[in-house]
Amino acid sequence: MNRYDWICLNDEVKVAGEASHLCLICKGGRMLCGKVSCPIIARARSLVKSSFLISSESIEGSTPPGVFVGRVGYPKVYVGPMIPPYFGETSILDTPELWVGRSMDEIIDYRLSLIRGKARMHISDASKGTHMLDMMQELSMSVSPVDSEALFAERPKGVLSLSEDTQPFGPSASLKSFKAFGAKVDEKIEKAYYDRDLKAFEAVNELYSGGVLISRIQRAFSAGMLGVGDRRRLVPTRWSITAVDNMLSLRLIEEIKQYDSLDEYEVYSFGNLGNLFLTILMPEEWGFEWIEAWFPNTVWNVEGKAPALMGDHEGYAGRSTYPEVGGCYYSARLAVVEKLKSIRRQAKVLALREIHPSYILPVGVWNVRESVRSALREEAKKFDNLQSALNYVSKFLTIPLSKWIENSSLLKEAFFQRKITDFK
Amino acid sequence: MAIAMVFLAKTSTSGEWKAVSSAISTLVEEATFEASLEGITFRAMDPSHVALVDLLWPKSAFEKYECDKPFKFTVKMEDFAKLIKRADTKDNIEITTSDEMLVLRIVDGYKREFLLHLIESTYGPTPLPKLSFNVRATVAERAFERMLIDISAVSDHVTIDASKDRLVFTGKSDIGSGSVTLEKATQDVLELEVKEDSKATYNIEYLSGMIKATGSASDTVALEYSNKMPIRLELKLSDLGGRIHFYLAPRIEEK
Numbered sequence: 001m002n003r004y005d006w007i008c009l010n011d012e013v014k015v016a017g018e019a020s021h022l023c024l025i026c027k028g029g030r031m032l033c034g035k036v037s038c039p040i041i042a043r044a045r046s047l048v049k050s051s052f053l054i055s056s057e058s059i060e061g062s063t064p065p066g067v068f069v070g071r072v073g074y075p076k077v078y079v080g081p082m083i084p085p086y087f088g089e090t091s092i093l094d095t096p097e098l099w100v101g102r103s104m105d106e107i108i109d110y111r112l113s114l115i116r117g118k119a120r121m122h123i124s125d126a127s128k129g130t131h132m133l134d135m136m137q138e139l140s141m142s143v144s145p146v147d148s149e150a151l152f153a154e155r156p157k158g159v160l161s162l163s164e165d166t167q168p169f170g171p172s173a174s175l176k177s178f179k180a181f182g183a184k185v186d187e188k189i190e191k192a193y194y195d196r197d198l199k200a201f202e203a204v205n206e207l208y209s210g211g212v213l214i215s216r217i218q219r220a221f222s223a224g225m226l227g228v229g230d231r232r233r234l235v236p237t238r239w240s241i242t243a244v245d246n247m248l249s250l251r252l253i254e255e256i257k258q259y260d261s262l263d264e265y266e267v268y269s270f271g272n273l274g275n276l277f278l279t280i281l282m283p284e285e286w287g288f289e290w291i292e293a294w295f296p297n298t299v300w301n302v303e304g305k306a307p308a309l310m311g312d313h314e315g316y317a318g319r320s321t322y323p324e325v326g327g328c329y330y331s332a333r334l335a336v337v338e339k340l341k342s343i344r345r346q347a348k349v350l351a352l353r354e355i356h357p358s359y360i361l362p363v364g365v366w367n368v369r370e371s372v373r374s375a376l377r378e379e380a381k382k383f384d385n386l387q388s389a390l391n392y393v394s395k396f397l398t399i400p401l402s403k404w405i406e407n408s409s410l411l412k413e414a415f416f417q418r419k420i421t422d423f424k
Numbered sequence: 001m002a003i004a005m006v007f008l009a010k011t012s013t014s015g016e017w018k019a020v021s022s023a024i025s026t027l028v029e030e031a032t033f034e035a036s037l038e039g040i041t042f043r044a045m046d047p048s049h050v051a052l053v054d055l056l057w058p059k060s061a062f063e064k065y066e067c068d069k070p071f072k073f074t075v076k077m078e079d080f081a082k083l084i085k086r087a088d089t090k091d092n093i094e095i096t097t098s099d100e101m102l103v104l105r106i107v108d109g110y111k112r113e114f115l116l117h118l119i120e121s122t123y124g125p126t127p128l129p130k131l132s133f134n135v136r137a138t139v140a141e142r143a144f145e146r147m148l149i150d151i152s153a154v155s156d157h158v159t160i161d162a163s164k165d166r167l168v169f170t171g172k173s174d175i176g177s178g179s180v181t182l183e184k185a186t187q188d189v190l191e192l193e194v195k196e197d198s199k200a201t202y203n204i205e206y207l208s209g210m211i212k213a214t215g216s217a218s219d220t221v222a223l224e225y226s227n228k229m230p231i232r233l234e235l236k237l238s239d240l241g242g243r244i245h246f247y248l249a250p251r252i253e254e255k
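Chains A and B supply the protein sequences, listed in that same order. Mind the numbering: the first sequence is residues 1 to 424 in the numbering used here, read in order. Mind the numbering: the second sequence is residues 1 to 255 in the numbering used here, read in order.
Next comes chain A alone, as it looks inside the complex:
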């Protein structure tokens, strides 16, 4: 299976580059520094040296299934299958729900073998359909890997595509032709696909309540298969991940607001890939805050001397702007409201993430969603007041509590804002 090998992912190797506050906001996504490509991503990529060469202009293998929609050139984007050069049970390669607990090496290993084919399409092709897109959409619906063959216009190039939002993937090339054999379609997704009157928001939420994995819903959404017929669009994969996380959590927030508040303070923690996730549920009305702390020498804080903290929050009424901290906000929020829904309670939630230097490559926001989900599956440590909960939390944190309080609207609110009911 390992027809390639690669060295690296060695904690000694540090990614060097121009890190600044801008890097934290951009995370290689918006090119805020004005450069054409992100130097940090480029250097991170160079850490993964692949000697995996694709000698021919064609490839045969079982796609997990994977379909990627790029964002370059929007609204004319590159869409195509992701295929490893081998046959077999490849589902795990594109199912991040299964990656918690896997090492950075394993995850890179899964993704590096995925060759991305690219076909240029207009996002609104999704409302009419084209021969190639129909094939991609059928593939997207498959519940199991699909044997396929792709013919490229040139030899696949590039090593590893990295982003903070999406999972990494391997080389890519323009697609000349593509064939897939025997996709077994997921009936629930198929039903939503044929329902051209069902709004995307409803479709996404129905699939989710029907037990369809988030990564599958996101794939269908991205491939322009959901929503009212003539308004269907292809959605770049990285945007679709956040859009789906957002749509699912919005519906769940409406639901949990009907429940009583929690009775106690609950603390959950979980570590994954050099990241520490701490979640504090407070016995109050719904509210949410997400704060990340990038340590010096981590991807987005390369040259910093001190950890860089950044976060966003929303109150009971929700938010109307995109959080500066990015898509991870919505991934964490989804994990948190899923938990509240399962215990039929509302709570004010503070979710913290410390990113330590051993997190050397961005692997995608699935890491946030799945890690916070994992944290919330652990046994809670319970407290009857905020101070005790925070004292407990500070045992895990490397960054002192005072620094977190300084950066947390929710904690400042909890400490300083009085309530009307205090004046009886």
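Quick caveat, the hints were computed from the structure, so don't treat them as lab data. Incorrect hints may appear among the rest.
[Unchecked claim] Here are the simulated lysine-lysine pairs, BS3-like style, with alpha carbons at most 27 Å apart:
no.	chain 1	residue 1	chain 2	residue 2
1	B	Lys-130	B	Lys-82
2	A	Lys-419	B	Lys-195
3	B	Lys-199	A	Lys-424
4	A	Lys-424	B	Lys-236
5	A	Lys-35	A	Lys-128
6	B	Lys-72	A	Lys-257
7	A	Lys-403	A	Lys-257
8	B	Lys-184	A	Lys-419
9	A	Lys-424	B	Lys-72
10	B	Lys-164	B	Lys-199
11	B	Lys-82	A	Lys-424
12	B	Lys-236	B	Lys-72
13	A	Lys-257	A	Lys-419
14	A	Lys-191	A	Lys-128
15	A	Lys-382	A	Lys-412
16	B	Lys-228	A	Lys-412
17	B	Lys-172	A	Lys-403
18	B	Lys-76	A	Lys-199
19	A	Lys-179	A	Lys-128
20	B	Lys-76	A	Lys-257
21	A	Lys-419	B	Lys-212
22	B	Lys-236	B	Lys-64
23	B	Lys-76	A	Lys-341
24	A	Lys-419	A	Lys-382
25	A	Lys-199	B	Lys-82
26	B	Lys-172	A	Lys-419
27	B	Lys-212	A	Lys-412
28	A	Lys-305	A	Lys-191
29	A	Lys-412	B	Lys-172
30	B	Lys-199	A	Lys-412
31	A	Lys-412	B	Lys-130
32	A	Lys-419	B	Lys-236
33	A	Lys-419	B	Lys-76
34	B	Lys-184	B	Lys-228
35	B	Lys-85	A	Lys-424
36	B	Lys-130	A	Lys-424
37	A	Lys-419	B	Lys-228
38	A	Lys-419	B	Lys-130
39	A	Lys-257	B	Lys-82
Fit chain B to the given chain A structure using the hints.
Same frame as chain A, but now just chain B:
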């Protein structure tokens, strides 16, 4: 509701309902109004219990008011506000109930009638905080709103410092600080009574939400507070009477 009852509340303009509906909407998603022989009242806190709205709308403040026995009705504020917004300022507003519906008639030659489903109430009594006020001021609504916008440029919170002759509003954050001074006996401060110099800090978002909501009904705002205690804003619904009291708990930055 088998027994027929009489309820009718009519105002000659829509400003009062617009103010009431937006004031309540800033704090809660569902509202339970109480109608009695004397008029309409409403009282609730926002979900975080930081603010409280208390509406007193006496019979005498309506153009026509009939209610033969006390009852409560609960509406989803988003829907209610949407309907109220359909009215122009000069339009008559008539509210009655019928079965499980609220009936809203907007009349100005062009007659409109909306029926709004009443919802089940999760209503519980809300006691008022026990307060005595050392400062009472009447400030021009425009000056107060402008002050909030100015201070919000530097901070999310405003500290109000009242002394015999003036009100000083300040805000401070990482980026810097700012202050606005309103002097007594000017067009901005119509009234200022200070029993004891007082200073307290409040959340600007709450204050401006409330001021924006009631701006359509009133030119002045009466504010009352004491050192490190909740503030109470009073906004008049119309010259005929009726008022909204808005309480906001202070922010106290000490552990």
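For a quick check of understanding: which of the numbered hints are violated here, in increasing order? Structure breaks hints 1, 5, 7, 8, 11, 28 and 35.
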